[in-house]
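**Student:** Sequence:
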Amino acid sequence: MRLQISRIIIPASFLLFKATSIRYTPHRSHLLHTSLAWAAIALYLSLRLGLRRLNNSVDTSTPLWVIGILLIFGEICSRIAGSAASYSWVWSFLPAVICWLQQTSFGAYNTSYSIIADEKLENNEKGHPWPFLVFATATSFMVLATTYVRAEGLLLGAIGVLSTSMTWVLLSKRFEESDRQDDIQAPNARQETRRCSWLPRCSSSYIQHSVRDLAVLVSFVTLILSVLVEYPYLSSMTTYPTLAQIKSVTGLDWTSKLLVDEILWLMAGTMIEFGYIVSLLSLLASNSLLTISLLYLGGVISRTFTTDFSPLNLNNLFICVIYLVAALYTLMSKHFNTAASTSKRYGHLLPWASKRNKAVSGLAISFGCILVGRAILIFAAHPTATGSTSSTFNIYPPLESLGPVPVIDHTRHPMEQLIHSSQAQFEDILSKQSKSLGQAVSEYKKRYGISPPPRFEVWYEFARERNVPLIDEFDTIHEALTPFWALEPFVLRSRVSEVLGFENSLLAVLIRDGRIQHVEGSNSSSTLQWHEESLLRMMDSFIGHLPDMDLAFNLHDEPRVILPHDILSRMVNTAKTEAMPAAARSSETTNEFSSRPDDMTAGNHIPEMRATRFNRFARQHTWSHSRLSCSPDAPSRDITDSLKDNITAFAAGDLGFIYNTTAFSDICQTPSLRGTFGFFDRPNVFNIIQDLVPIFSQSKISSFQDILYPSPWYWADKVPYDAASDPDWESKNATLYWRGSTTGGFSRKGGWRRQHRQRIVSNLNAQGTATVLHKAPGSEEWTNQTVNRHDYASLIDVSFSHIGQCDPSDCRAQHEFFHVVPAAPQSDAWSSRLLLDMDGNAFSGRFIAFLRSKSLVLKMAVFREWHAEWIKPWVHYVPLSLRGDEWLETTRYLLGDDSGTGTGEELGKRVAEQGREWAQKSLRKEDMEVWFFRLLLEYGRLIDDRRAEIGFAGT
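Using this note's numbering, read the sequence shown as starting at 3 and increasing by one per residue.
Careful: at least some of the hints might be erroneous.
[Said to hold, decoys possible] Calculated cross-link-like contacts (lysine-lysine; reagent style DSSO-like; alpha-carbon spacing at most 30 angstroms):
| # | residue 1 | residue 2 |
| --- | --- | --- |
| 1 | K927 | K447 |
| 2 | K927 | K720 |
| 3 | K923 | K720 |
| 4 | K447 | K437 |
| 5 | K646 | K720 |
| 6 | K911 | K434 |
| 7 | K923 | K434 |
| 8 | K911 | K923 |
| 9 | K448 | K927 |
| 10 | K720 | K856 |
| 11 | K856 | K927 |
| 12 | K751 | K646 |
[What the hints assert, rightly or not] Between beta-carbon pairs, the in silico distance windows are:
| # | residue 1 | residue 2 | range |
| --- | --- | --- | --- |
| 13 | E490 | E522 | 21 to 29 angstroms |
| 14 | E818 | S644 | 28 to 36 angstroms |
| 15 | E818 | L157 | 53 to 61 angstroms |
| 16 | D830 | T592 | 39 to 47 angstroms |
| 17 | E818 | T603 | 53 to 61 angstroms |
| 18 | A825 | A160 | 49 to 57 angstroms |
Don't read these hints as lab results, they were simulated from the structure.
Beta carbons are placed, not taken as given, at the ideal position from N, Cα and C, and that holds for glycine.
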């Protein structure tokens with residue numbers, strides 16, 4: 003009877019202790035728990051057996067120290083990986099690996115897989131269990147699998163699974179060898195007693211001595227590793243919750259010092275590990291390797307359970323039910339159990355176990371239904387935002403109208419999920435880039451429905467010679483030029499000539515016969531001369547391949563072209579349904595531009611115009627004009643000005659982390675920008691035209707129709723980066739840094755309180771409380787927590803160094819309100835781990851320099867630039883909202899969250915490194931030239947009278 007009970011209690015205890023250990027004991031003290039638990043076993047057996055060795059040692063082919071090293075190696079892998087998803091899901095293959103090792107020389111002495119088997123395996127046995135084992139592996143894989151896989155996580159997982167499996171097989175083999183030795187020394191000993199023979203009450207002294215020696219080795223080595231690896235964390239005394247925290251939850255009046263709290267929880271964690279090891283050794287002594295592996299896998303799966311009964315979690319629950327049934331069938335299979343008595347004893351567990359074929363069919367059907375349900379959950383959800391930049395972050399309906407989309411998985415920080423999904427999406431984009439000219443032409447036609455522009459093959463070789471990594475990602479150019487296809491080429495040329503003929507703050511560049519014939523507009527002003535010189539030098543390397551054209555470059559920071567929605571929508575429709583299809587239908591295309599048309603001058607001068615279509619609204623409210631191109635049913639066009647922002651389109655979670663930067667910068671979705679962003683309050687300059695004219699600007703608001711191009715500011719390195727003065731991440735200050743001036747808008751009558759830079763600096767340095775995400779020790783879920791901002795003040799180093807663009811009274815008010823610090827050199831920024839970057843009057847000119855550094859960029863941007871497709875949020879930088887609910891949590895998490903895992907800081911360092919490496923590959927001067935060359939080829943076709951007949955058809 004006692005043996006019957008042990009066959010249930012021991013496996014149940016093993017599963018309980020393993021699940022508790024994985025779910026509730028922090029992995030950062032894992033080695034210490036392991037060391038203390040093995041030390042307790044070593045101490046007990048040493049006191050019982052003494053320190054002497056047996057005279058007649060067990061004859062074994064595997065020394066005990068080898069088993070110990072393998073066991074320690076598995077523990078090290080577990081400690082390094084922590085709770086990484088890539089590490090966890092590899093354990094799905096543990097039972098299969100165990101079975102495989104059993105077929106090798108490792109399992110030569112091991113005659114059974116399951117704790118319920120009493121006799122040797124018959125080679126001719128029918129009813130093979132592999133279908134059920136496959137179901138068990140597949141279901142556990144689905145629960146543990148992650149969409150983002152890191153190579154190091156996979157490697158650690160594979161090593162951990164293999165070393166753990168080998169440890170169990172070799173240790174079980176050694177126990178059986180000890181049993182054989184006992185048979186020689188005590189032939190009348192009962193088999194049932196030796197099933198738990200490692201225990202002191204059992205008769206096998208050989209097993210007791212083996213366990214004692216193994217325990218001494220493992221406890222000593224893991225203690226040393228714990229001191230080397232875990233001491234910095236353990237010394238902070240934050241591994242476990244304090245009794246005061248327990249008191250706040252339970253209401254019990256407990257008091258204790260922090261040291262006592264730590265010792266008590268350390269003992270609790272050690273007891274859990276001790277129980278796990280004891281039950282493991284008991285199962286190993288019973289040669290129950292398959293039982294161990296299936297139970298162990300069940301414990302790993304248990305960490306995915308949450309109290310959130312979301313559709314995805316319910317789906318996982320059903321999968322786990324299938325896993326349980328498959329595991330029971332595997333253990334009940336005749337292949338693993340040839341004893342008739344055992345079948346009788348356990349047959350009641352599955353009264354329909356004999357109907358094997360029906361069981362396999364039932365599991366297959368259930369598994370298929372689960373797969374369909376999971377596919378629906380994953381793929382049916384769709385982003386509600388519009389724009390070209392989609393996200394792989396799973397989108398679910400908001401809990402309230404226009405509210406943020408919910409974060410379903412609370413076991414991982416929202417930022418971790420966004421980083422992983424964005425990384426996977428970016429890697430997918432990289433893998434699909436064209437590798438040849440033919441592929442590039444095919445991809446172009448697939449995306450845009452027309453042939454590439456003439457001399458595309460020249461551009462392709464130009465790009466390949468410069469090793470441009472993203473050869474296909476130029477949707478920004480296509481979208482910007484699409485409305486212009488609605489106008490005849492001669493209309494476009496005449497409008498450019500018209501705006502250049504009047505003083506409209508435009509730089510005119512006239513290209514004739516493959517060279518720059520005439521430049522006009524900068525007036526040799528020292529403040530604009532750099533713009534002209536850098537622009538012309540940026541075109542030097544490809545100017546000879548361009549057709550004749552007149553170009554109008556905006557000299558203002560602010561964008562210039564805005565169209566009413568009805569006109570813009572008609573133009574886009576005409577372009578897509580008439581002009582572009584006409585070009586696509588052309589049976590023969592010529593890979594050459596037309597000669598200079600009659601209406602284009604020789605390029606020696608610009609005809610003067612006596613009137614202009616531009617209207618100037620300097621230092622006035624601009625919201626009404628800026629929203630003209632928004633759809634009438636967009637939130638920003640609400641006639642009552644009372645609609646809320648549609649943050650469903652871009653924000654996730656209660657704190658509003660940005661998952662779609664395109665939607666975030668779409669002003670049509672965010673009417674609150676009217677009173678929170680300086681450009682819409684009183685821009686320094688607002689000189690706009692409400693007709694479609696091809697004007698090239700360095701940045702723009704989403705509602706404007708300017709054509710973006712790479713800024714000469716970036717090309718000229720106006721904000722330099724000196725790698726010699728940039729320390730490594732570990733040597734940087736754990737702070738968020740920013741210095742700058744009050745640009746963004748002109749302040750009059752207190753208007754600075756409505757402008758974005760002042761709001762950001764004020765909020766980051768504010769007092770009072772804020773909401774952060776917190777993972778309590780022992781908990782698997784992130785929850786909201788209200789904290790005092792003062793506790794995190796040391797993380798914020800954000801200040802104005804200059805007050806400007808304001809009336810005298812407003813300038814004085816800002817000096818009184820803000821703590822203005824002296825101006826600092828740019829190199830001071832490299833001392834901080836996090837660098838804040840935000841819009842000013844237009845785009846921030848520091849962005850690329852910041853990306854080149856070893857720091858991580860946190861960017862708040864409403865203005866759009868040319869590199870939107872090339873620089874990815876959550877892969878190369880971290881986007882910030884303008885609402886600011888997530889600012890403190892973002893800073894806190896990336897500088898070292900309090901969950902005890904260090905995941906936030908690790909992710910921050912990784913994104914910083916990725917941004918730096920990517921900037922060196924794709925934000926060089928050569929990359930800007932490639933992008934600009936492609937843009938001007940497209941523009942050259944646009945203004946060509948034969949544009950429907952020209953293009954590169956391919957080789």
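**Student:** Each hint should be assessed against the structure and marked as holding or not.
**Tutor:** Results for each hint:
Note on K927 and K447: the hinted pairing holds, with a Cα-Cα distance of about 28 angstroms set against a maximum of 30 angstroms. For the hint pairing K927 with K720, the CA-to-CA distance comes to about 13 angstroms; that is within 30 angstroms, so the pair holds. The suggested pairing of K923 with K720 holds, with an alpha-carbon distance near 19 angstroms, which does not exceed 30 angstroms. Taking the CA atoms of K447 and K437, the gap is about 16 angstroms. The hint holds against a cut of 30 angstroms.
Taken as a hint, the K646 and K720 pair is broken in the structure, with Cα atoms around 39 angstroms apart against an allowance of 30 angstroms. Restraint check: the Cα-Cα separation between K911 and K434 comes to about 27 angstroms, which is no more than 30 angstroms; the hinted pair holds. The straight-line distance between the Cα atoms of K923 and K434 is roughly 17 angstroms, inside the 30 angstroms bound, and the hint therefore holds. For the suggested pair K911 and K923, the alpha carbons sit about 19 angstroms apart, so the restraint of at most 30 angstroms is met.
For the hint pairing K448 with K927, the CA-to-CA distance comes to about 29 angstroms; that is within 30 angstroms, so the pair holds. Of the supplied pair hints, the one linking K720 and K856 holds, its CA atoms being roughly 19 angstroms apart against a limit of 30 angstroms. For the proposed pair K856 and K927, the alpha carbon gap of about 20 angstroms is at most 30 angstroms, so the pair holds. For the given pair, K751 sits about 26 angstroms from K646 by alpha-carbon distance, which is consistent with the 30 angstroms threshold.
Roughly 26 angstroms separates the CB atoms of E490 and E522, a value that falls within the hinted 21 to 29 angstroms. Taken as a hint, the range 28 to 36 angstroms holds for the pair E818 and S644, whose Cβ atoms sit roughly 34 angstroms apart. At roughly 58 angstroms, the beta carbons of E818 and L157 sit within the given window of 53 to 61 angstroms. A hinted range of 39 to 47 angstroms for the beta carbons of D830 and T592 is inconsistent with their spacing of about 56 angstroms.
In this structure the hint that E818 and T603 lie 53 to 61 angstroms apart at CB holds, the actual value being about 56 angstroms. A825 and A160 have their C-beta atoms about 54 angstroms apart, which keeps the hinted 49 to 57 angstroms range intact.
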